[in-house]
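J.: Chains A and B supply the protein sequences, listed in that same order.
Once you know that position 397 of the first sequence is 397 in our numbering, the rest is easy, because the numbers rise by one and skip nothing.
So the mapping is simple: our numbering equals the position in the second sequence, first residue as 1, plus 1000.
Just so you know, these hints were derived from the structure itself, not from any lab.
Fair warning: there could be bad hints in the mix.
[Claimed, not checked] Residues of chain A placed beyond 10 Å of chain B at every Cβ, according to the derived structure:
hint, residue
1, Tyr98
2, Glu175
3, Gly414
[Claimed, not checked] Derived pair list, reagent style EDC-like, types lysine to aspartate or glutamate, alpha-carbon separation capped at 16 Å:
hint, chain 1, residue 1, chain 2, residue 2
4, A, Lys581, A, Asp639
5, A, Lys495, A, Glu582
6, A, Lys35, B, Asp1156
7, A, Lys641, A, Glu610
8, A, Lys35, B, Glu1153
9, B, Lys1266, B, Asp1245
10, B, Lys1150, B, Glu1188
11, B, Lys1150, A, Glu36
12, A, Lys35, B, Glu1188
13, A, Lys219, A, Asp13
14, A, Lys627, A, Glu582
15, A, Lys567, A, Asp481
16, A, Lys495, A, Asp520
17, A, Lys604, A, Asp587
18, A, Lys581, A, Asp540
19, B, Lys1259, B, Asp1230
20, B, Lys1165, A, Glu274
21, A, Lys35, B, Glu1159
22, B, Lys1165, A, Glu266
23, A, Lys604, A, Asp586
24, B, Lys1125, B, Glu1188
Cβ atoms here follow ideal geometry from the backbone N, Cα and C, with glycine treated the same way.
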Amino acid sequence: MPHPGLAQTSSLDTFPRLLRHHASVRPAKAAVREKEFGIWQTYSWADAATQVREIACGLAELGFRRGDRLAIVGDNRPRLYWAICAAQALGGIPVPMYQDAVAQEMAFVMDDAEIRFAVAEDQEQVDKLLEVQATAPVLAHILYDDTRGMRHYTQRGLMSLDELQRHGQARHQREPQFYDLEVDKGAAGDVAIMLYTSGTTGTPKGVMLSHANLLLTAKNAADFDGLTEHDEILSYLPMAWVGDNIFSCAQAYVTGFCINCPESAETVMTDLREIGPTYYFAPPRVFENLLTSVMIRMEDAGAIKRWLFHHFMAVAKRVGPQILDGKQVGLLDRLHYGLGQLLVYGPLRNVLGFSRVRVGYTAGEAIGPEIFSFYRSLGINLKQLYGQTEGCVFICMQPHNEVFADTVGPPAPGVEIRIADNGEVLYRGPGVFQAYFKNPESTASTKTADGWVHTGDAGYFDARGHLKIIDRAKDVGLLTDGNLFAPKYIENKLKFFPNIKEAVAFGDGRGQVCAFINIDISAVGNWAERRNLAYAGYTDLAGRPEVYALIRDCVEQVNADLAADEKMAACQIHRFLILHKELDADDGELTRTRKVRRRFIEEKYGTLIEALYDETKATCYIETQVKYEDGRSGMIAADLKIEAAQVFALGGAKRAA
Amino acid sequence: MQMNQIGNAAVETAGRKIGEVILSLEHISLAFGGVKALTDISFDVREGEVRAIIGPNGAGKSSMLNVINGVYHPQQGRIVFHGRERRAMEPHKAARQGIARTFQNIALFKGMSVLDNLMTGRVTKMHHGLFAHMLGFGPGRREELAHRQKVEEVIDFLEIQHIRKTPVGRLPYGLQKRVELGRALAAEPSLLLLDEPMAGMNVEEKEDMCRFILDVNDQMGTTIVLIEHDMGVVMDISDRVVVLDYGKKIGDGVPAEVKANPHVIKAYLGAGH
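One chain only, chain B, in its complex shape (with noise of 0.2 Å):
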């Protein structure tokens, strides 16, 4: 491991890797009854970047998010995921191919402590049954202990020591979002989904996210996929932007595209500017 980051250290100097894409959204169109959340919309994902998703209110940023991990099965459109072409995801199964996600709204376990909230990070990769980990001894235990383990390192890389033990319920909005990074990072995805991570942090808590996510990519190779309303934060820390707006995509590219998009300048600021 060490020898290798040594090794390869002449071949990042250029930045970082950014390979094929390893998903693929084509022709999405999602509706709820007469209401047109997703209208054909195609984009795709690379392996090891940070792709954003962005979009004024009521774009259908949480509802692309839900159908790339299956949440919402829309009417129509392929979604092409590590080469298998599937019209929709289960969320179980995305799950298990890799897929983690946080959500707007923190949904851990107010009443269970950061690290049992860490260990159901990884429910996805336990073999063993009920029976075996209600023993305390045996395999169970066995499994358990190396769950644990990436559990801590987990806990280590969020630097979350000081509240291993502290029921999630108890703790300040920030940290609770930092916890949640922290189960989905657990289930070790290749492919991370962050709904508005940042939102409602002041702005140390925003540059402490931000250095995570960016290590999360940097470090683990993670893909991120993520939706954030502070532009400025979306400029800084992705590779590409896709810009919804009522349902539709208005534009797709590196920051400084998006940013001289004239759709996307209308649909932020209003016409007439």
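This is chain A alone, in the form it adopts within the complex (with noise of 0.2 Å):
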């Protein structure tokens, strides 16, 4: 309970001051459910302030002090959220960390952080901790919340929750002013997270968080979406990522909302529909596998339903993005959207679980524009943001009833924007991040003096004020006329068709852009199969003149698309061609994470190269070098077309190819 007297005198300026106050505003309120034993059990505020204040006094006898890491490991658990809480508390710094990290890329963090207390979710999570800690001496205690298999265990530093949590009631007991004090003792500006960024570029890096940048910038986003206390969501994201911090820690203490923990990892979608979020957030991926679930358990539904389904779902993927941003649409359209409410989107809106979903987000890569829009169309405000750890997740986020699948909306409030001269998104706004943790050089080469955060993405604001992310800045090259060219860019717009399955866009210095394009095998095969189309195989396939029509006329469709953009007119595709074998990480072509490894591409692949960019020539002979699975390797020889597709006028107008 708070304390008399303090509470009023503080502001509700960090996470810790938040909770005593929903504590004494909304007590009874729901703070956090967890599904266990088959049943929703369900924690209030004042629970939740309980809770925190018991784990907070426990550390505090263990000897926990202010500026102290504490690590966090382990699945959406309230107990380790109420650690991180507790940690904010007593001054300190969680940390929380990937729970299906290995002990060695735990052991790298649990070093640069210097920590010295870990709190785990089970045996699994200890086991690994115990692990680093024959590496990292400094870690002196290992802290679990499920007892299980945990009996044996006679380590030094171990202990359970429960009995830290009693250690910490007793404490409380003695000095029942100890928690508020510390509580009071906080301010805006402290460190309250460190996140460490995954590290695909060296090695990772602590991003240090202050409730300040974490508070507003949630404050910003729920005023934003009109967020408020009776929302809820669900807590299956990584405590280790940003998002989940500030879905489930900042914005839950901001509005007094009540966050969810599923079963277990396997149990999601089932929790997903038993709570029916109101707020939700989900990568990219997560959308398309649902879609392709529903596509396929359609195809094995009866006639009739088969039937209602596709007709509803044209119905819908005319108007339904129409309606959900409010436009105008007639009457007999209306009606036929209200019947398909009733017989199909709504049924299918609750078995996907997103029957209550009044806002929902996307972010982290580029989204397929038909997946966008089937779940718009069936009535889900599913929108796209752009953001980063460094920045507190919001940079830009698209606002109701502006929503496109090819943007990422328009800043944040509060977040201001700037392009730099190289394309170069830079941003500045209340949830830039302080520093990295003992990394001055990588924080100076990111951070400007005067606030401005470099994010190494490039992009540009189009027509409607809404920013478009196109690449990595460091992948951004030039064509000879001056004009911007992003490879990512063109190659995920050809990607998103299904018969394309990879794709390797030339252009740097060069004055036109050229491109390779890879057929997808199953689908272009289906396609064959279906035209009754024989062939012998992938390269026997790729090279069929009505292949290469098919593909011609994704390209063209891109580069329409491209041409009605006044900044990625210049990078129409103007020669193609269809490569002979697929591209293979085997072969060095592709990274183990299905990334194009350009370099190694346009030196393996030089003469196709040269030869797209030789008008006179209309074929080019190659042989190449491929690795068999079990080891051996081969070659595979081919004469490939290369061809010319249509380009369009910027607005589009045509024009000679």
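Taking the hints as your guide, dock the two standalone chains into a single complex.
T.: This is how it looks when you write it as structure tokens:
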């Protein structure tokens, strides 16, 4: 319970103070739910405040001091969230870690952050921490939530959270003012959390975010979307990711809404349905998989159901997004859509767990326009945002009724954005991180003295004032006429077609853009079978004139799309060829995460690229070495056709190829 | 509960507690017509231990298990369970006295959900009749809730939350085995008989099953008698091993002793080795 007299004097600018506030303003309202033993167990804000106090006092008993780091490892569990706040209450810095990290990966963070205290979810995580402890003896205390399997562990410094909380209770009884005094020592500018970036480039860096960073950004975004204490979210994203800290901690603490922890990682879909969140985030991959599973299940449905689904999805595609945006739609269409709502959209939303979603977000990578509009046409208010750990997520976000598949929206409230000369996006705002932990060089190269942060992404504002992210800044080049060349932007557009599996665009330092295309053998093969088009294998199919016509159609659609955009019109694809083999990680053409290795491909297929830019050539002969799965290697030879695609003048009028 | 665990920690470090003999089988002989399935077999099971019965095909292992829970009645010998002597057990009495088992060929209700299958494990503990349970309120309802809670603990223990509502017939084999263990655990047995719990499983499934068996033994204090073919598994998880061959006992002792026993080596590898 808050200490009388203190609550009034301190403002609500740190997490523990907000917790104290909610516990006194809405003590009985649900703060956290967790499904356990098949039942959703509810903890009120008053419960949460008590738990946090007990953990904090227990930690203090163990010698946790201001500025100490507390590692948190595990799935989304209420007590792990409370441990975060408990560390903050004592002026410490919680460091959540990815629960699926192996011990070596953890060791780097544990060592870098000099972590003395760790809270683990269960035996599995404790085992990893004990392994880390062998090399990083600074780690003195390991606390665990789930006691299962822990009975025979006798290592020093191991303690269950239950026991810690009993020590905490005792401490609180001895010193009832201790906790509140500690909370009052906190300041908005203190570091509230430290999150390690995934480290795809070099070693992970600890991003330090202050209470003010997180809470101001969370508040702005909550106001932007009209979030209230009545909202519900499902907390299923990794706790070490900045998004979960914003959605499950900062926004919950700012508005007082309830977070729901799933029963286990395997039950997330069922739990989603049961909770029916009103506010939801998922990366594009999740939406893509959901759509695929719906489509597969519809294929197995009876004829009537299938007809109903396809009929009403066509209606939804035509008018759904407009109805969602509150635009003018004819009465007949409205009635038609209403019927669909009753028969198809409503039940489908329910199955997906999206019945109550008021605001849904996706971010992280480009989402296919088809996928995006599928959800919007169902009446799910799915929007895009653009964010980074260094900026507390929200840099750009799409307002209601201004949602487009190809942009990430205008700058979020309070955020300023500037585009550098090389196309890189820079931003400044309340969420800008304090610094990288123990890494002033990286801090200086990322954040300028006056607070601008380099995102490393290239982008530009379109005519509507929305930011469009096109590529990583280091990959963006220039055409000889000075126009920007963003290979990934073009490749993504191509890859949204199901017939195209991979694409590589060229153009940096050249007069025009040309591209290699990889067909998707299952999609194109299926298409060929339906047309009774016999083919001997990949190389044969890829060289067929019918397939070239199919792909040229896709390329020209992309060109038409690019032509509509002033900044990108010059990036239209003039000539292309279909590769005779699939780009493969075994041959070094892709990374293990299936990203194109541009430099390598440019070297390996140099002759093909020269032929693409030599207008006199219509074919090019190539022999390529390939590695088979059993380690043998062989040669594939082919005479590849090079075709020209139609390009369009700005705005869409035709121009000679 | 929590306090106890911590209080006992010092005692437990020396290892698990293995207590008195709770089940002893004395001079058991079982024949089907002229076929002698078991001949003069004696061994005992101590409280809290993991006791394995091994042997080649047709050695009489499953018959032995069936004698313990009363499916077969031996012609000779006696069984002493918790100090009470009897010539033979009856299956329903065995169940009420705290003996639960799983089967070599999974014996679940394929069309029913995992949850319902586990609930059937509670049948011997239900006190109200069919009509009370049909009402959907009152004492029958309260009783069902209490049983459901117990079953949910088992679900949590075996980590099968995600298949709670799935019909058993749709589950892969390894998970069905786990559900069957769950049903046996739902009966809160003091003695658990497992008939080849790991047969037909892949390495990962076997590892999971071993962990569950050890956890059951360790955390619930359940005594376990298991039949198993996989020697590696048997030697790793059991405290004592009985070896049968052609219905006769040819070895009995801790795994290391059994491994060194020449009769056992002969039965497994054949003569001349």
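J.: All hints, please: hold or fail.
T.: Quick rundown of the hints versus the structure:
1. A cut-off of 10 Å between C-beta atoms confirms that Tyr98 (chain A) is not in contact with chain B; the least separation is 21 Å.
2. At roughly 24 Å, the least C-beta separation between Glu175 (chain A) and chain B is larger than 10 Å, which holds for a residue marked as non-interface.
3. Consistency note on Gly414 (chain A): stated as away from chain B, and its beta-carbon is indeed over 10 Å from all of that chain's, at 42 Å minimum.
4. The straight-line distance between the Cα atoms of Lys581 (chain A) and Asp639 (chain A) is roughly 12 Å, inside the 16 Å bound, and the hint therefore holds.
5. For the suggested pair Lys495 (chain A) and Glu582 (chain A), the alpha carbons sit about 14 Å apart, so the restraint of at most 16 Å is met.
6. A C-alpha spacing of about 11 Å is found between Lys35 (chain A) and Asp1156 (chain B), which places the hinted pair at or below 16 Å, so the restraint holds.
7. The straight-line distance between the Cα atoms of Lys641 (chain A) and Glu610 (chain A) is roughly 13 Å, inside the 16 Å bound, and the hint therefore holds.
8. For the hint linking Lys35 (chain A) to Glu1153 (chain B), the alpha-carbon distance of about 13 Å falls within 16 Å, and the restraint holds.
9. Annotation: proposed proximity of Lys1266 (chain B) to Asp1245 (chain B) holds, straight-line Cα distance about 10 Å (limit 16 Å).
10. The suggested pairing of Lys1150 (chain B) with Glu1188 (chain B) holds, with an alpha-carbon distance near 9 Å, which does not exceed 16 Å.
11. As the CA atoms of Lys1150 (chain B) and Glu36 (chain A) are separated by approximately 13 Å, the hinted pair is consistent with the 16 Å bound.
12. Taking the CA atoms of Lys35 (chain A) and Glu1188 (chain B), the gap is about 24 Å. The hint is violated against a cut of 16 Å.
13. A hinted pair counts as satisfied when its Cα atoms are at most 16 Å apart, and Lys219 (chain A) with Asp13 (chain A) qualifies at roughly 11 Å.
14. Distance check on the hinted pair: Lys627 (chain A) and Glu582 (chain A) sit about 12 Å apart at the alpha-carbon level, within 16 Å; holds.
15. Distance hint between Lys567 (chain A) and Asp481 (chain A) is fulfilled; the C-alpha atoms sit about 13 Å from each other, no more than 16 Å.
16. Under the criterion of a C-alpha separation no larger than 16 Å, the hint pairing Lys495 (chain A) with Asp520 (chain A) is consistent with the structure, at around 10 Å.
17. Straight-line distance between C-alpha atoms of Lys604 (chain A) and Asp587 (chain A) comes to about 10 Å, which keeps the hinted pair within the 16 Å bound.
18. Distance restraint check for Lys581 (chain A) and Asp540 (chain A): the Cα-Cα separation of roughly 10 Å lies within the 16 Å cut-off, and the hinted pair is therefore satisfied.
19. With a C-alpha separation of about 13 Å, the suggested pairing of Lys1259 (chain B) with Asp1230 (chain B) holds against the 16 Å cut-off.
20. Proximity of Lys1165 (chain B) to Glu274 (chain A) is assessed by CA-CA distance (about 14 Å); at most 16 Å being required, the pair is judged to hold.
21. Distance restraint check for Lys35 (chain A) and Glu1159 (chain B): the Cα-Cα separation of roughly 13 Å lies within the 16 Å cut-off, and the hinted pair is therefore satisfied.
22. Proposed proximity of Lys1165 (chain B) and Glu266 (chain A) is supported: the alpha carbons are some 13 Å apart, at most 16 Å.
23. Taken as a hint, the Lys604 (chain A) and Asp586 (chain A) pair is honoured in the structure, with Cα atoms around 14 Å apart against an allowance of 16 Å.
24. Among the hinted pairs, Lys1125 (chain B) with Glu1188 (chain B) is consistent with the structure: their alpha-carbon atoms are about 9 Å apart, no more than 16 Å.
The earlier numbered hint that this structure contradicts is number 12, and it is the only one.
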